[in-house]
Each structure stands twice: as structure tokens, then as C-alpha cells.
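Q: Sequence:
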Amino acid sequence: FGLACCAIEMISLVGMRTDIARFGWEAFRATPRQADLIILSGRVSIKMAPVIRRIYDQMLEPKWAISMGACCSSMGVFNNYSLVPADKFMPVDVHVPGCPPRPEALIHGILRLRDKVQGHAPDGWRERYDAVGTEEVLPEADTESAAINVYQPGDTAGA
Numbered sequence: 004f005g006l007a008c009c010a011i012e013m014i015s016l017v018g019m020r021t022d023i024a025r026f027g028w029e030a031f032r033a034t035p036r037q038a039d040l041i042i043l044s045g046r047v048s049i050k051m052a053p054v055i056r057r058i059y060d061q062m063l064e065p066k067w068a069i070s071m072g073a074c075c076s077s078m079g080v081f082n083n084y085s086l087v088p089a090d091k092f093m094p095v096d097v098h099v100p101g102c103p104p105r106p107e108a109l110i111h112g113i114l115r116l117r118d119k120v121q122g123h124a125p126d127g128w129r130e131r132y133d134a135v136g137t138e139e140v141l142p143e144a145d146t147e148s149a150a151i152n153v154y155q156p157g158d159t160a161g162a
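Numbering of the sequence shown is given in the numbering used here, commencing with residue 4 and proceeding in unit increments.
These are computed hints drawn from the structure, not numbers from a lab.
Keep in mind that the hints are not guaranteed to be accurate.
Each computed DSSO-like pair below joins lysine-lysine, with the alpha-carbon atoms no more than 30 angstroms apart [said to hold, decoys possible]:
hint : residue 1 : residue 2
1    : Lys66     : Lys119
2    : Lys50     : Lys91
3    : Lys91     : Lys119
4    : Lys66     : Lys50
5    : Lys91     : Lys66
Based on the provided sequences and hints, a complete structural model is requested.
A: Written out as C-alpha cells, the structure reads:
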């Protein structure tokens, strides 16, 4: 799901230089019923978030999601009211950092997702550096409202 400049890097995966056909990933599916992976690449606005969530909900199980780029993962340099990180409205399995990330970084993210799916994912940095239990816990948001709001009034998590 290409939204901005990261989409060009995602599209270049099927070119000669990276050639993801050697992994069997070259078939980009046009409908959610045929896809099991959604790659969000680019800036996600508040108006686009429900559309992406509807597409994600229409995908059949098992399904996975990759957040590609700094804008989609943490709003990047556009840290303002109109953008929303992908983690706020759908589960994301792998984050690919960069602005925009190179195609090789996306291949690395897909390989990490493949390892995660096969059940032998590498340890995260919390396990590697013995930092389990240092997470910051935010209060739960009101889940009964139908609108997608990134932050509740008074919440300073995005500041």
C-alpha cells in the first residue's frame, strides 16, 4: 500500500537490481482476499487510517503487516496532528526504518518477518541486553468510540 515516497522504493523491489523473484515474493496482489502481507509505505493521514484498517480486516488469516519508513512507523519529520503511526490503528509485525528506506532494508524486513513466521525469530534488543521490564506503559485508550483518534485529550504520548 504505497502512500508517498517510500512507495517508489517498494516498487523498485521487483526490478533487476534487487529481484525479489528469487525469494518468491514478486507477486503483488491487488485485492485483500488474495494477499497475506500488507506493506504500508509512506505517510498515513488520519483520513486514510480507516481505509487501511478496512483493507487489513478484509485480508484472510494468517496475515502480516510491515510498516515501511519513518513516517509510517513514528510519523518521521512530519510529526503533526494530521498523521498517525501505523501501530495506533492496526497490528504491525515488522518496522523497516529509514527515510526512505532502501530496497535492501525492505528485503531485510521481509526476511525478518519470514523468520518470525517460521518460529525462530532473533531476540529483540530487550532480551539481548537484559532490559525486559523497562517498557513504558501508557494508559489504555477508550475503545468504545467509533472514530479513530490517535491521542486522547490530555495524552502527551506523541509529544
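Q: Hints broken by the structure, by number, lowest first?
A: Violated hints: none at all, because every hint is consistent with the structure.
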